[in-house]
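S.K.: Okay, here's what each chain looks like letter by letter:
There are 2 protein chains.
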Amino acid sequence: MAATHSLSSAALSSSSSSFFSHSSFNAKNPKVSFPGTRFRVKCVATSQDSMTAYKTSVPRNANMAKLQAGYLFPEIARRRNAHLQKYPDAKVISLGIGDTTEPIPEVITSAMAKRSHALSTLEGYSGYGAEQGEKPVRALIGKTFYSGLGIEEDDIFVSDGAKCDITRLQLVFGSNVSMAVQDPSYPAYVDSSVILGQTGQYEKDAEKYGNIEYMRCTPENGFFPDLTKIPRTDIIFFCSPNNPTGSSATREQLTQLVQFAKKNGSIIVYDSAYAMYISDDNPRSIFEIPGAKEVAIETSSFSKYAGFTGVRLGWTVVPKELMFSDGFPVAKDFNRIVCTCFNGASNIAQAGGLACLSPEGLEAMRGVIGFYKENTSIIMDTFNSLGFNVYGGKNAPYVWVRFPGRSSWDVFAEILEKTHVVTTPGSGFGPGGEGFIRVSAFGHRENVLEACRRFKQLYK
Amino acid sequence: MAATHSLSSAALSSSSSSFFSHSSFNAKNPKVSFPGTRFRVKCVATSQDSMTAYKTSVPRNANMAKLQAGYLFPEIARRRNAHLQKYPDAKVISLGIGDTTEPIPEVITSAMAKRSHALSTLEGYSGYGAEQGEKPVRALIGKTFYSGLGIEEDDIFVSDGAKCDITRLQLVFGSNVSMAVQDPSYPAYVDSSVILGQTGQYEKDAEKYGNIEYMRCTPENGFFPDLTKIPRTDIIFFCSPNNPTGSSATREQLTQLVQFAKKNGSIIVYDSAYAMYISDDNPRSIFEIPGAKEVAIETSSFSKYAGFTGVRLGWTVVPKELMFSDGFPVAKDFNRIVCTCFNGASNIAQAGGLACLSPEGLEAMRGVIGFYKENTSIIMDTFNSLGFNVYGGKNAPYVWVRFPGRSSWDVFAEILEKTHVVTTPGSGFGPGGEGFIRVSAFGHRENVLEACRRFKQLYK
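Chains as they are written, first to last, in the UniProt record's numbering: chain A, 1 to 460; chain B, 1 to 460.
Hints are computed from structural coordinates only; laboratory data are not their basis. Take these hints with a grain of salt, some might be off.
It does not matter which identical chain is meant; a pair holds if it fits inside one copy or across any two.
Lysine-lysine pairs mimicking DSS-like chemistry, simulated, CA-CA at most 27 Å apart [what the hints assert, rightly or not]:
#1 Lys143 to Lys114
#2 Lys135 to Lys91
#3 Lys204 to Lys66
#4 Lys229 to Lys262
Whole structure, please, built from the sequences with the hints as guidance.
M.R.: Given below as structure tokens:
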């Protein structure tokens, strides 16, 4: 899986080129010339073919070089495709990358279609929106998810998704901070930290990067780290309900976490992208914990609630009470990053977000979430019946299955080879995930049932 | 304009909080509990009110602290709003931030509406797309803009806009590179460079950041820098047609630029977001220049072609021939950033992009561009008739007007105060813009005509 220095057909470059002949512009004539195919005259290139490829003198970013292999999910997609090549007739079922499969409720897509059509009218057209998101969307996110929690509309930044916001948060923090993550955890936290230069080299034996505190979360500690043994870091990434373990932290645990951050002067980046999957009394937002506004940021997403993985809409809450050590508000720097490095979420997606948060939209989202939670039960029942130790599931669309003493990638490969079902190897989420497999509940019902039949066949 | 250490209502924080009472989950019942308002019980917060606000111990990122004031365009929006407060009845016309105003042609919005509706069907639903963009979109961008130039489909990365891609490119380059920009230029290049830590402090007297090479572009040098006097840098940002000067580089000039980069082993980041506005024989793409694939990246956008400033769709070309000094392909690192820090452009926006590049869509885009170019002519004629030296306009939607010996911000304020027209002060684009005003041609015809009447009144 190590990165290699070649790209398909890249090794021997030739500088082919062509020149356009252009029609001239007439300001009275709306037909403007452009680089289309019609006016093109292909010329013979100045030959610069050579067996030795040209290299610039620009040094490769040493942080990029630290990254191991590809980002996890494209790597899984690659293995899935390789499997399909090997078994072209196999009915491959993907319970791997956590991608939603069920159609978006019509109350939501109709609103997006309506907004699309409106963009063709003078009254309905809109260009650049506020980088922070449209005011009604910010307001409705606040009202729906943070009512009574002291979060104000201007604390909420609408985005194209939590994953993208994680990097924007890392841009705010910069290189000179230390960070902690749950182990296992969603790989974007660690990888973006490496990219920003917050970490040391990857230590192969430990399967960890230097200068990251891996907070081990296991069945033995109820998937909540023993904070008395965790050294202080500047930033603490914490995802609940957790991806991949599917466990969600209790109010007592989150109160401990906030107190830990406050004692250490740390900033928690709390990922609540699965909060609506919580069935019990566990908090849906870190801001339910007293004092959290002074130590926490929360990032979340419509992806897993409304099937917006392709539509792209999320948000991040940076309370104005959160300050750097010099008293400068973190929200001001985040706002600067959002304005400079981003240009707002698509206005059509934002229309979808508004519809999601209407009474009908909320009801429809609850229906979708309920469907996936039924899938979760089916998967949990299956592995339970086979005698596995099964975790997660109750408050999240992920089932975390233990395969004691086995390598996650081996189990992943075994399941793929023998059942044509794609899962995710636990070790892809950090060394603490070794020996586990994450099974995603995102799938059509018949696929989930069929996958479970095959699991029963394999592990009976 | 210096940043201050306060946010509205931020100084005195109180940790209000509330606790939810949750309904319990039943896997057979699709009604899932969620953080809505219905189940909320507001509690009295643990009081942590204090006159001394809590601060974390996390140091503020020193690079963020280097940034001067706000990003240019939000700052202009702020001044526009302040003006509106002062003159609530004024008919303010915005020829400032370069935001498109004309409706999106229906052939394009229909395709987006259709895709939206399809997301509610089993067959039409799609979740996560490839982070690099949908294959047909990549292919059609290649065919439309790069046919015969040796750019392949997999060299093209579809994105949510060129501005966002600029930061992603900076993430690839990291902190240890030096960079050059045209002066004046679109401020995202410099600001993203500061954020990544490539620069020194801001030098107030010079109005420049340390460790950035400002390549002065003036009427005297035909808005193309004298490359014999420019020291080598790792990265060269180059925008043509240029924002803000509206000038576009000739084939000879771009050949010089590519040769300069090649001699120095530099990487050019070529911003061609206005290429379709070119009326004459000037190149639409840096890849028309022989050898450019080994030294250049190109970033572009549908924003100014199809009115997609709010829809968000762009692309970046990283040829596989482009290598770092160690021979590692730049495209591989860019791909890693795209996969780790981004999740693809909205699938609905991508459906719009496909429609833009259909024969009818291209014709429709040419119509929109032609309309804006007529606006440009009207603005140029106006300032010419008033005896100003006027630049740009021919190949771009921007008119660059000289006000010799005057401060750009003073002229901006004078025009706003006396005509209620918002322009952009040239110095906002770098010290080389001092003494100029950028007038954007994005506007409804009657507004452009009215603005020009007011200009004639003011400067007759």
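S.K.: Evaluate each hint against the coordinates.
M.R.: Now for the hints, and whether the structure bears them out:
Proximity of Lys143 and Lys114 under a CA criterion of 27 Å is satisfied intra-copy only: 24 Å inside one chain copy versus 31 Å between copies. In the homo-oligomer, the alpha carbons of Lys135 and Lys91 lie at most 27 Å apart only across protomers (23 Å), although the nearest pairing inside one protomer, at 46 Å, exceeds that limit. In this assembly of identical chains, the alpha carbons of Lys204 and Lys66 lie at most 27 Å apart only when taken from the same copy (11 Å versus 37 Å across copies). For the identical chains of this complex, Lys229 and Lys262 are intra-copy neighbours only, at 16 Å inside a copy versus 54 Å across copies, given an alpha-carbon limit of 27 Å.
Going through the hint list in order, the structure satisfies each hint without exception.
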